[in-house]
Amino acid sequence: MVGGYAPATLEKALRIRAEETVVPYAGGTDLMVQNRKNVEYLFLNKIAELKQIKVDKDYIHIGALVTFTQAINDDKVPQIMKDAISKIAAPAIRNAGTFGGNLGNGSDKADSVLIEFAVDAKVRLMSLKGERIVNVEDFCITRRKIDLKDDELIVEVLLPNKPYKNYIYQKVGGRNSLAISHVAFAGLFEEKDGKIQEFSAAFIADAGRFLRFKDIEQTLIGKSKKEAKNLKDKVIKAYSDKIVLTAGRVSAEYRKTVSLNLLRDFLTWFGV
Amino acid sequence: MYAIKFILNGEQTEYTGNAGDRLLDVLRDTYSLKSVKCGCKEGECGACAVLIDNTLINSCCVAMGAVDEKSIVTMEGFKKTPQFKVLSDAMADFSAVQCGFCIPGMILASHATLLLNPHPSEDEIREGLSGNICRCTGYNAIVKAVKKASEEGDGLW
Amino acid sequence: MDNISKSVRKKDHEPKISGESIYVGDYQCAKDGSAILTGKILHSKIARARVLSVEVPDLPKGYFYVNAADVPGENKVNIVLDDTPVYCKDTVEYIGEPIGMVVGPDKEEVERILSQIKVEFEELEPQLDVRSSQKVFFDYEFSHGDIEKAFKEADKIYEEEFETGYQEQAYIEPQGMMAEPEKDGKMYVHGSMQCAYYVHGAIMRVLGCKPDEIHVFQDVTGGGFGGKEAFPSVLGSQVAVAAYKAKAPVRCVFDRREDMEYTSKRHPSICRYKAAIKNGKVTALDCDIVFNAGAYSTLSAVVLQRGIIAAPGVYNIPNIHVHGKAVKTNTSPCGAYRGFGAPQTFFAIEMMMDHIAQDLGVDTLEFKEAHLVKQGDMTSTCGKYHFPVPLPDMINEIDKVCDFRRKHKEYAAPQSGRYRKGIGMSLVFHGAGFTGSGERDIIKAVAKLRKYKDGSVEILASNGEIGQGVRTTFPKIVANELNLPFDKVYYNHPDTERVPDSGPTVASRSLMIVGELLRRAAIKLRSVWIDGKEQEVEEHFKEPDFMIPFYIDKFQGDAYPTYAWSVNAIEVELDTLTGVSKILGAYGSFDVGTPIDYNIVLGQMEGGFLQGIGYSSIEKMDYDSKGRIRNNSFTDYLVPTTKDVPNMVAMLHVEKYPNGPYGAKGAGELPLVGAPGAYVEAVEQALGGAKIHPLSHVPFTPDDTIAQLNRHREEI
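Chains as they are written, first to last, in the numbering used here: chain A, 23 to 294; chain B, 571 to 727; chain C, 6 to 721.
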């Protein structure tokens, strides 16, 4: 085709990616809005291997070209992810938008990426030279900046294969559909033998990047709920100090207050 | 170089233009399919929604290269189907069409909703149409019409 | 239900739903088959500046740059005054002001040329703050009673300021106009519009030609809501000048961002209200109202008139003084939007009454009920409410459907926990038709019926179908009066060459005023009907005999012959963690007289009510320190979707108006007007009431809710 490539295999796609200056095209829902002029697209939608959802012992593998609608209808995808992606925009966008695209456009408000942050997901990247597996928090550097080399493609997202039983996901947008997250919160919690075994809290707050502070989380790991309760105000203060926001669609005061409100609610919900 | 081949309203079609061209513009300008309306070009209104392989997609958010080997249906094609007749009659019963600009996209969204779920609840209808902005009606009439179509058109979806 | 109210299949249902209707952007070629040139406007990027030079690159053959120098007539677009230029004069007065237009066959080439034009500006200090603006376009004042005495004798005096923001019409079809030079030298202008004769009048001046040298046709129009009342006169003039220069058809269709940022919107307002209380009743009201008109005066005069007339709302307050101003700022000119000035002042009076009641420790609804106007009472302008005021019955209807009184008292008690509830009610009217003697002195509507040999009857009028259903309701009236089958009567989109001037499609007037003209015309035709003969009848507007003459200089007399009424209740559940107010229910009882078509009227009520709820809650638009509107896309200016108010109930209450067709009154604007008062009262109640959180502006967003909660937390 004129002005673009639509390879049927990943190998061919990687070759084109290596040899030509192309813009990878997944679902198009963000790219087409950007309306870039004079670019050649590398259309990835014919590559069957990028559209698969698989599970092995360690990971749930979600192919880069898996659409949100496909994932919502797949039993292998954990509910926490479904909660988030079913609130993306509206059906026509979810039918086209993909996991790879949500990562690749470098938005700091990508709803699927928030969950990936919260669950310590990894991103598998490939080039002709081989593959790289990077932690999602390393892949997403800041808004519109990702760790993707010019010859690489996002191949899949790896979610740790866990039950994800105790979690809270909340999205706050400007309306009930077709809404960009003003604030979104994903928190996970696990307890074992009376001690906090896992505690994770990730935020979208129009902060230029996704927010997750593992050092603060660490202060609660291994504690009993009672001990954690005593630390609660200190923990929230620590988050408050770290969440520094700049001007955005809604006020920084709003985004920060709501972020901390949702965090406090999450702690209260699991008994801290 | 080869042309982009796709099925457009049932007809095998070849597009020799640029793969980066926007489907919305190509449908309107190259193929004169004017039922496909442009309301925002940003995926935020649904006026340009079409069916691609029976799935609802905003044509403003699609480059031509992505429709190679796909099947596209616009209102020009859909209006010949029995499902259209049922939806149209139901919409007429509630006078759900006002200015008419959102309605081709809205009807295709209604059809797509019923394809996935032939007997949706009101909430499910509202979810199915949630990407299509209508500024005229307040949506009640449209939602009631889809509900009625799902009953009248039992077996069609 | 009257027979006339029974719903029919709308005349435009089939072509619209099948996608066959041709909107202005859909034409493949001009009427004579020639290719259409694309026009794109060169907009100012600066709020106020002298334009020193415009450097246009060398233009390829067939491309043109059009500006003020190309205007053959006057470089003035006639709206109410003539201050809006077709293309800017020496200065630009707002971001977006048209400097010129690039015209040519290829859209992308036009855009490329546009991007290469260099404009040299000498920047001037823009006036952006409405409060300090010294340039007053319109200044009106009226009073009755003895306001000074009432304030002197008051037990208590309240003073409060209320603010409302922009509202964008957000019709789904953006503005678009096209001009085609015709072989006989005429200019044919058509597009998306509400008022074909407004466009006609404006272009005559701009092209410097006679009435019969141009004709204007309304294409199928994808929504107006007031936004296509005056603006098409501006864009129409611009394409007409371009077509005149290029000697070829020119079309300009705005893209969404252009449309949202640069076309007219609802006037932001600041209303300062002062009330005197004596023995638990409001005895005097002093209202100071300022509308932000933007850079040119456009329709601000008439918008302001309607706004200030509604200043005391539906309450009988013996002493009032109202002062209203529309001031200039260097921002996009504001204009008409459904409600036309009234939503702003109704919000102020409804909140004022709420706040006074709460301070006095009485139920807000009971307080309002104690002040309601009734038939025979004097209006704010010393006119008369000539007909029954059905508000008490409508309040009961709403109470019945949503258990308002019980909930309103229950939610007023202190609440705790994450989620808190509130319910609010507003009571409003809307006067149909032009304000004052406008219908009689300015519009002078004429409508015709033409009967053909085959017995079919064509309606000739200039009111445009914009979704509100006139292509269906007009024929219903005529068919009913002539006892003809519905399909024997039809009404096409108006072309000024073929139809008389029955006035613009504005002010909720089409059905009530022109519909009645058509009913009378039909009776006339019936009396002269001869089978097999082509016949024509004509009717002219006649002011009802009961009207108390209105004097605009004094704001005295009947501003409107009658009023449509509405009672709105909105119930919310407020999430104190996120500030989001979920709408649990929105209930409206609307009296627009006899519905000429039940479904059509219900659709108007539901659609308008939802726009009003959007205006109250999520539709936020503002300009920044440079005068630029950032909320210029559907991503950043949010309108309600299917999922935002799933539980909206609209009900019709019928109080017939004897001078409207079969008892019909104006309908289109009413449902929007009351939403802000009801919504904000509900949110305020959920927040704990006005004593803690007196809310005073719309839109009231989650951002505002959290700010209120934070402030309160700091205070305690």
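Read the hints as simulated data drawn from the structure, not as lab findings. Do not rely on the hints blindly, as some may be mistaken.
[Stated by the list, open to error] In silico lysine to aspartate or glutamate, DMTMM-like type, Cα no more than 25 Å apart, as pairs: (1) K650/B to E19/C; (2) K66/C to D599/B; (3) K251/A to D263/A; (4) K575/B to E42/A; (5) K112/C to D591/B; (6) K11/C to E721/B; (7) K649/B to D492/C; (8) K254/A to D63/C; (9) K59/A to D599/B; (10) K59/A to E584/B; (11) K73/A to D638/B; (12) K718/B to D663/B; (13) K68/A to D724/B; (14) K50/C to E612/B; (15) K112/C to D63/C; (16) K714/B to E719/C; (17) K184/A to D255/A; (18) K34/A to E639/B; (19) K696/C to E275/A.
Each hint tested on the structure:
1. Pair hint K650/B plus E19/C holds up; C-alpha atoms about 13 Å apart against a cutoff of 25 Å.
2. Simply put, K66/C and D599/B have alpha-carbon atoms about 23 Å apart, close enough for the 25 Å limit, and the pair holds.
3. A hinted pair counts as satisfied when its Cα atoms are at most 25 Å apart, and K251/A with D263/A qualifies at roughly 19 Å.
4. With a C-alpha separation of about 23 Å, the suggested pair K575/B and E42/A falls inside the 25 Å cut-off, and the hint holds.
5. Using a Cα cut-off of 25 Å, the hinted pair K112/C and D591/B holds, with the two alpha carbons roughly 14 Å apart.
6. Taking the CA atoms of K11/C and E721/B, the gap is near 23 Å; set against the 25 Å cutoff, the hint holds.
7. With a C-alpha separation of about 23 Å, the suggested pairing of K649/B with D492/C holds against the 25 Å cut-off.
8. Between K254/A and D63/C, the direct Cα distance comes to roughly 69 Å. Violation of the 25 Å bound is thereby established for this hinted pair.
9. Proposed proximity of K59/A and D599/B is supported: the alpha carbons are some 19 Å apart, at most 25 Å.
10. In summary, the hint linking K59/A to E584/B is supported, as the alpha carbons are separated by about 23 Å, within the 25 Å threshold.
11. Taking the CA atoms of K73/A and D638/B, the gap is near 17 Å; set against the 25 Å cutoff, the hint holds.
12. A distance of roughly 9 Å separates the Cα atoms of K718/B and D663/B; the hinted pair therefore holds under the 25 Å criterion.
13. With a CA separation close to 35 Å, the supplied pair K68/A and D724/B exceeds the 25 Å bound.
14. For the suggested pair K50/C and E612/B, the alpha carbons sit about 22 Å apart, so the restraint of at most 25 Å is met.
15. At most 25 Å may separate the alpha-carbon atoms for a hinted pair to count; K112/C and D63/C meet this at roughly 17 Å.
16. Pair hint K714/B plus E719/C does not hold up; C-alpha atoms about 47 Å apart against a cutoff of 25 Å.
17. For the proposed pair K184/A and D255/A, the alpha carbon gap of about 30 Å is over 25 Å, so the pair is violated.
18. The straight-line distance between the Cα atoms of K34/A and E639/B is roughly 18 Å, inside the 25 Å bound, and the hint therefore holds.
19. Pair hint K696/C plus E275/A holds up; C-alpha atoms about 24 Å apart against a cutoff of 25 Å.
Violated hints, listed in ascending order, are 8, 13, 16 and 17; each of the other numbered hints is respected by the structure.
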